[in-house]
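Chemist: Sequence:
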Amino acid sequence: MKRFWTVLIAIALLAGVLAFAGCGEDSGDGFELHFKNAMEVRIDNVYITPPENEYWGDPITIAPVQKGHTIGFDFKKFDGVSGNIYDIGLIDENAMDYDLYEVVLTTGDTMEMTGNADAAKLTVTHADGNKTEYEAIIYPDES
1 MKRFWTVLIA
11 IALLAGVLAF
21 AGCGEDSGDG
31 FELHFKNAME
41 VRIDNVYITP
51 PENEYWGDPI
61 TIAPVQKGHT
71 IGFDFKKFDG
81 VSGNIYDIGL
91 IDENAMDYDL
101 YEVVLTTGDT
111 MEMTGNADAA
121 KLTVTHADGN
131 KTEYEAIIYP
141 DES
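Each residue of the sequence shown is one higher than the one before, starting from 1 at the first, in this note's numbering.
If you're looking for bench data, these hints aren't it; they were derived computationally from the structure.
These numbers were taken from a predicted model, which means no experiment stands behind them.
Be aware that a few hints might be false.
Unchecked claim - The calculated PhoX-like cross-link candidates involving lysine-lysine, where the alpha carbons are at most 20 angstroms apart (straight line), are:
hint	residue 1	residue 2
1	Lys-67	Lys-36
2	Lys-36	Lys-76
3	Lys-121	Lys-36
4	Lys-77	Lys-36
5	Lys-121	Lys-131
6	Lys-131	Lys-36
7	Lys-67	Lys-121
Said to hold, decoys possible - What follows is a list of derived Cβ distance ranges for each label pair:
hint	residue 1	residue 2	range
8	Pro-140	Asp-29	26 to 36 angstroms
9	Glu-142	Gly-83	26 to 36 angstroms
10	Gly-30	Gly-83	16 to 26 angstroms
From the three backbone atoms N, C-alpha and C, an ideal C-beta is built for every residue, glycine too.
Construct all of the structure, not just a fragment, from the sequences and the given hints.
Modeler: Here you go:
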């Protein structure tokens, strides 16, 4: 009987591991994209727009993104399409702008912003696990 329970527990654990492994990088929250603020400051606004747009338009954020927090959103939030190139703009709590140009975004990507007002970068981790880094152009907000 002891052997039966040992085998049953082993099978249950293996099934749980396989189920978890099948989830991949999917966050399970149903969003197509994620943005993580790994900066030293709060991010008050995040903008995403096609490179040909002259103006940033409305932010995709409805509230500030606190340090260490992640938000999820879909391409429809900025009229985007998976696989296209975008410009990304951020404004932090100290009114510093961080601009990133020609960022490729696809469904399942996670963007992580790191650094500070002296140097910052955006790392995009794609659904397939590949990573691309973009250096930010940083300047004081003039609005």
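Chemist: Is 26 to 36 angstroms a correct range for the gap between the Cβ atoms of Pro-140 and Asp-29?
Modeler: holds (34 angstroms)
Chemist: Under the criterion that the straight-line Cα-Cα distance not exceed 20 angstroms, is the pair Lys-67, Lys-121 satisfied?
Modeler: holds (15 angstroms)
Chemist: When you take the CB atoms of Gly-30 and Gly-83, is the distance between them in 16 to 26 angstroms?
Modeler: holds (20 angstroms)
Chemist: Within 20 angstroms, alpha carbon to alpha carbon, are Lys-77 and Lys-36?
Modeler: Within the cut-off at roughly 17 angstroms; holds.
Chemist: Going straight from one Cα to the other, do Lys-121 and Lys-36 come out at no more than 20 angstroms?
Modeler: Holds: Lys-121 and Lys-36 sit about 12 angstroms apart, inside 20 angstroms.
Chemist: Given the hinted pair Lys-36 and Lys-76, is their Cα-Cα distance within 20 angstroms?
Modeler: Since the Cα atoms of Lys-36 and Lys-76 sit roughly 19 angstroms apart, the hinted pair holds (cutoff 20 angstroms).
Chemist: Would you mind confirming whether the straight-line C-alpha gap from Lys-121 to Lys-131 stays at or under 20 angstroms?
Modeler: Roughly 12 angstroms separates the two Cα atoms, so the pair holds.
Chemist: Between Lys-67 and Lys-36, does the CA-CA distance stay at or below 20 angstroms?
Modeler: Holds. Lys-67 to Lys-36 sits at ~8 angstroms (cutoff 20 angstroms).
Chemist: Next pair to validate is Lys-131 with Lys-36; report whether the Cα-Cα distance is within 20 angstroms.
Modeler: holds (14 angstroms)
Chemist: Range hint 26 to 36 angstroms: satisfied by the CB atoms of Glu-142 and Gly-83?
Modeler: holds (33 angstroms)
Figure legend: structure checked against the earlier numbered hints; every hint is met.
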